[in-house]
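Enquirer: One letter stands for each residue in the lines below.
Number of protein chains: 2
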Amino acid sequence: MAPRTGEHATAGIESLDPVDWSGLRALGHRMVDDMFDHLEHLRDGPVWQPMPDSLRQELQSPLPRKPTPADVVYDDFRRLVQPYATGNLHPRFMGWVHGGGNPVGMLAELLAGGLNANLGGRDHAPIEVERQVIRWAAEMLGFPADASGVLVTGTSVANLIGVLVARSASLGPSVRQIGVDGARLVAYTSAVAHGCLPRAMEMAGLGRAALRMIECDRNGRMRLDMLAQRVAQDRASGLRPFLVVGTAGTVDIGAVDDLAAIADLAVSERLWFHVDGAFGAIAALAPGLRPLLTGIERADSVAFDFHKWAQVPYDAGCIVVRDATQHLETFGAEATYLKREDRGLAGGGVWPCDLGPDLSRGFRALKVWMTLSVYGADRIGAIAQQTCDLAAALAQRVDREPALQRLAPVALNIVCFRFVASDGDLDRLNADLVADLQESGIAAPSTTMVNGVLGIRAAIVNHRTNHADLAIMVDAVLEAGRIRAAKQKKPPVIHRGQVYREASRLGDAGTRGPFPAPGAGTLAAVPP
Amino acid sequence: MAPRTGEHATAGIESLDPVDWSGLRALGHRMVDDMFDHLEHLRDGPVWQPMPDSLRQELQSPLPRKPTPADVVYDDFRRLVQPYATGNLHPRFMGWVHGGGNPVGMLAELLAGGLNANLGGRDHAPIEVERQVIRWAAEMLGFPADASGVLVTGTSVANLIGVLVARSASLGPSVRQIGVDGARLVAYTSAVAHGCLPRAMEMAGLGRAALRMIECDRNGRMRLDMLAQRVAQDRASGLRPFLVVGTAGTVDIGAVDDLAAIADLAVSERLWFHVDGAFGAIAALAPGLRPLLTGIERADSVAFDFHKWAQVPYDAGCIVVRDATQHLETFGAEATYLKREDRGLAGGGVWPCDLGPDLSRGFRALKVWMTLSVYGADRIGAIAQQTCDLAAALAQRVDREPALQRLAPVALNIVCFRFVASDGDLDRLNADLVADLQESGIAAPSTTMVNGVLGIRAAIVNHRTNHADLAIMVDAVLEAGRIRAAKQKKPPVIHRGQVYREASRLGDAGTRGPFPAPGAGTLAAVPP
Numbered sequence: 001m002a003p004r005t006g007e008h009a010t011a012g013i014e015s016l017d018p019v020d021w022s023g024l025r026a027l028g029h030r031m032v033d034d035m036f037d038h039l040e041h042l043r044d045g046p047v048w049q050p051m052p053d054s055l056r057q058e059l060q061s062p063l064p065r066k067p068t069p070a071d072v073v074y075d076d077f078r079r080l081v082q083p084y085a086t087g088n089l090h091p092r093f094m095g096w097v098h099g100g101g102n103p104v105g106m107l108a109e110l111l112a113g114g115l116n117a118n119l120g121g122r123d124h125a126p127i128e129v130e131r132q133v134i135r136w137a138a139e140m141l142g143f144p145a146d147a148s149g150v151l152v153t154g155t156s157v158a159n160l161i162g163v164l165v166a167r168s169a170s171l172g173p174s175v176r177q178i179g180v181d182g183a184r185l186v187a188y189t190s191a192v193a194h195g196c197l198p199r200a201m202e203m204a205g206l207g208r209a210a211l212r213m214i215e216c217d218r219n220g221r222m223r224l225d226m227l228a229q230r231v232a233q234d235r236a237s238g239l240r241p242f243l244v245v246g247t248a249g250t251v252d253i254g255a256v257d258d259l260a261a262i263a264d265l266a267v268s269e270r271l272w273f274h275v276d277g278a279f280g281a282i283a284a285l286a287p288g289l290r291p292l293l294t295g296i297e298r299a300d301s302v303a304f305d306f307h308k309w310a311q312v313p314y315d316a317g318c319i320v321v322r323d324a325t326q327h328l329e330t331f332g333a334e335a336t337y338l339k340r341e342d343r344g345l346a347g348g349g350v351w352p353c354d355l356g357p358d359l360s361r362g363f364r365a366l367k368v369w370m371t372l373s374v375y376g377a378d379r380i381g382a383i384a385q386q387t388c389d390l391a392a393a394l395a396q397r398v399d400r401e402p403a404l405q406r407l408a409p410v411a412l413n414i415v416c417f418r419f420v421a422s423d424g425d426l427d428r429l430n431a432d433l434v435a436d437l438q439e440s441g442i443a444a445p446s447t448t449m450v451n452g453v454l455g456i457r458a459a460i461v462n463h464r465t466n467h468a469d470l471a472i473m474v475d476a477v478l479e480a481g482r483i484r485a486a487k488q489k490k491p492p493v494i495h496r497g498q499v500y501r502e503a504s505r506l507g508d509a510g511t512r513g514p515f516p517a518p519g520a521g522t523l524a525a526v527p528p
Numbered sequence: 001m002a003p004r005t006g007e008h009a010t011a012g013i014e015s016l017d018p019v020d021w022s023g024l025r026a027l028g029h030r031m032v033d034d035m036f037d038h039l040e041h042l043r044d045g046p047v048w049q050p051m052p053d054s055l056r057q058e059l060q061s062p063l064p065r066k067p068t069p070a071d072v073v074y075d076d077f078r079r080l081v082q083p084y085a086t087g088n089l090h091p092r093f094m095g096w097v098h099g100g101g102n103p104v105g106m107l108a109e110l111l112a113g114g115l116n117a118n119l120g121g122r123d124h125a126p127i128e129v130e131r132q133v134i135r136w137a138a139e140m141l142g143f144p145a146d147a148s149g150v151l152v153t154g155t156s157v158a159n160l161i162g163v164l165v166a167r168s169a170s171l172g173p174s175v176r177q178i179g180v181d182g183a184r185l186v187a188y189t190s191a192v193a194h195g196c197l198p199r200a201m202e203m204a205g206l207g208r209a210a211l212r213m214i215e216c217d218r219n220g221r222m223r224l225d226m227l228a229q230r231v232a233q234d235r236a237s238g239l240r241p242f243l244v245v246g247t248a249g250t251v252d253i254g255a256v257d258d259l260a261a262i263a264d265l266a267v268s269e270r271l272w273f274h275v276d277g278a279f280g281a282i283a284a285l286a287p288g289l290r291p292l293l294t295g296i297e298r299a300d301s302v303a304f305d306f307h308k309w310a311q312v313p314y315d316a317g318c319i320v321v322r323d324a325t326q327h328l329e330t331f332g333a334e335a336t337y338l339k340r341e342d343r344g345l346a347g348g349g350v351w352p353c354d355l356g357p358d359l360s361r362g363f364r365a366l367k368v369w370m371t372l373s374v375y376g377a378d379r380i381g382a383i384a385q386q387t388c389d390l391a392a393a394l395a396q397r398v399d400r401e402p403a404l405q406r407l408a409p410v411a412l413n414i415v416c417f418r419f420v421a422s423d424g425d426l427d428r429l430n431a432d433l434v435a436d437l438q439e440s441g442i443a444a445p446s447t448t449m450v451n452g453v454l455g456i457r458a459a460i461v462n463h464r465t466n467h468a469d470l471a472i473m474v475d476a477v478l479e480a481g482r483i484r485a486a487k488q489k490k491p492p493v494i495h496r497g498q499v500y501r502e503a504s505r506l507g508d509a510g511t512r513g514p515f516p517a518p519g520a521g522t523l524a525a526v527p528p
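Going line by line, the protein sequences match chains A and B.
Its first residue numbered 1, the first sequence is counted upward by one per residue in the numbering used here.
Its first residue numbered 1, the second sequence is counted upward by one per residue in the numbering used here.
No false leads were mixed into what you were given.
One copy or any two copies: either way a pair holds, since identical chains are not told apart in the list.
Quick list of in silico lysine to any residue cross-link-like pairs, SDA-like style, CA-CA up to 25 Å:
id, residue 1, residue 2
1, K66, Q82
2, K66, D76
3, K66, R135
These aren't lab readings, by the way, just hints derived from the structure by calculation.
Model the full structure from these sequences, guided by the hints.
Expert: As structure tokens, then:
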């Protein structure tokens, strides 16, 4: 006999939902206000500040066994975490190639967190949203409408997918069964390609030595003559060339390979043509930049990030593959518990988990969909163009400064230069200058090696950055450089307040006083 | 000559931030209220409903070039996306092993989306939060405090990392340089292990044929005698056994391998011992379940998800590796532009990008940190225990129903059974029943194959599920089964409203009327 329905009813059952929702709801409203306040007044704070060791210690605790009120945990977040974040929201963050995020994307994350959808598979609207985003990506790149694709954390994983699809296309899907033993595959990319490409070769079992890093010209573009020569050599040695990776926007200087020429060579040499367009692919949305990418529409696959130049919050990478069948054959699986039905929740055709390594997948498509829908692709493209215009202006300023030397041409939005009005170890000096600036909170460029010397790299990615921000950054470099050069052993004395007030005069640094963080307001706190 | 600071000032500069923030801020508040309303009244709606084709079509549009007001895009989300999500928030979602999410985790996503931190590396508080979460994970598993680890999308990627660390530990880091050619590595796991393990072997270039799927006993646990025998055979054949993967909670029936015995064998055979604890590892937080995991604390690495049994919103997977050096040696890289400094923003020691395939990484640590901090680990463990208790009660109910047959022992929280009061193709019938239930919106179990027959799988993962939910699900199975059995060609006539009213009488189904979705309120809409 069956028990009567609900015999046990809810006896003893507890969920993680509150009995009274009002407190948590109120906290949610407070968080919205706080985050909007934070975004609205970004300029009033430092770009970045080091986390004090005392707070670092305070964050460390054993696994919490007992509950803590949500507002207390939120206060910890406000005190220990938020003030010491990466800094890439700030208009004077110019380190690496980090996007600035956007408030619509932030709100999309709230919605996605609430829906808690798993986009590994099954038949539901969030998957349709991701499919839509992939179609938009294909359209942006000039790919056919039936191209395949999937969202991932970032281009590192997207490039891994590219390598794996190329591997499968070359060896056939049987590689999944038998592995790469004896395959002797070799791939090609530029000497300044992203470090995740050798890593993808490692993970794929091919080894990084099988990735030929081809010499570049003085503009940081892969030399096609050297590429053709190396392919011929490898074939003569009995190896099996299978893949060439072009770069659209190198991380060091923003160079874009001659993608059309690579496409030609890929056809004639029967190589899979993958493009690492981590940030550069978004140039396709800017009419003034798009010609730089000519040839990308002929690639077999393209990897790129929405969280860099497209300003979608982290993380949101993407791969698009021209031939949907080859993509599916690389990853498609049918486990018993994932069995696809022709109807019901288990329907829906090709699932995202058939297209990459992720099976559990959050709804990162929503922030991409909402960002592109609200701002429109033209505006995202205009922002990309704007950062390039800013970089050109910065390069002009650097070229006019006797104390500075530019280290590379400016292809897109990255300017590499260094302070040279000093004797001694310029690499060390410039590394120190960059750390000085970062720790001052005034600006955060990063360093990189260009042609064997260490440079200051200013990557203008953030949509909030303006000309005054660049001026403040350069002024701070010059000031700190002169002080360091004059007195190597004494701390520099440039005051953050000084630069800050100058920015205020220009009317774009907000109306609050100098940075409030104690001890972080000057470059003087920095050890030499 | 340098231009005067700010010569160009802000001329022509536009950002994605609004000039007037009040509209977007108000929309944010509306979203908070809407999402809290949604969570508070989950029971009033269907578990899942198919997305009408008309709406699917409406979602499809060319890449939007021009902007659209944020509230209009949000209305589209409310109309096209939210009603047709996966359903795993709902207490009667029992399909696959999906967590139910939680409101604190939802709010954490808002904050993380606002901060927009990239947790690939550098020195900032979000990385400290992730390190803290990893220490908590190590503590939960009984690992040493200096164990290494990293958050990833999910266990599929975490298992890939496990395979790659094991590969590197076996062959040495030189595998990164030269690949797996000639290595002849072979690995072992149970015949009912997760499909992402063969996929990890594929991606790693070893091939899925090099993963021996070892026969299980009748409880779904890997047979250790067969394992030992197969290792010996492989060694005799000149192959190189390097890895054994134990499973803590199989997806089909929730079985847990004898991890202590596998640990012993791994030591004696010098194999890397990895545990796929996708959902089961969280049992370590429940005193009543923890003994099932005995031996997990001796593993070399453990992969698991916070978004399943720990109810953190998707996606939040984790891997913990006992030997931090071996973990680092598998992935650690030093590209020029990622150069670590001893101070400044580029400081901070080992970065998460040194520990897995992701370089761009969102702040998924925050939702884990806040969920564990607010609820406390004991309560998460109590929820896991509760779902097991519910599964035990469900098994009893199934055993008492003559029309139902249980297909597997209940090790944790998964009950597999099927409707048997019918002649004919029971596999087809039960697949239809599951789709009927899913499309009715009443409950969403899934199907799986157990010992060669198709079963109804009810995975009790959601913290909101209670006894009445199970009763409603079983009643609906019985009703739909009887109707289908009686009239194979005629649609069943059970009304969602009928079951719904029964639930309402029990006082745990909210106070709103029957499901509002037109045409989705009965099982009758389902084609046979």
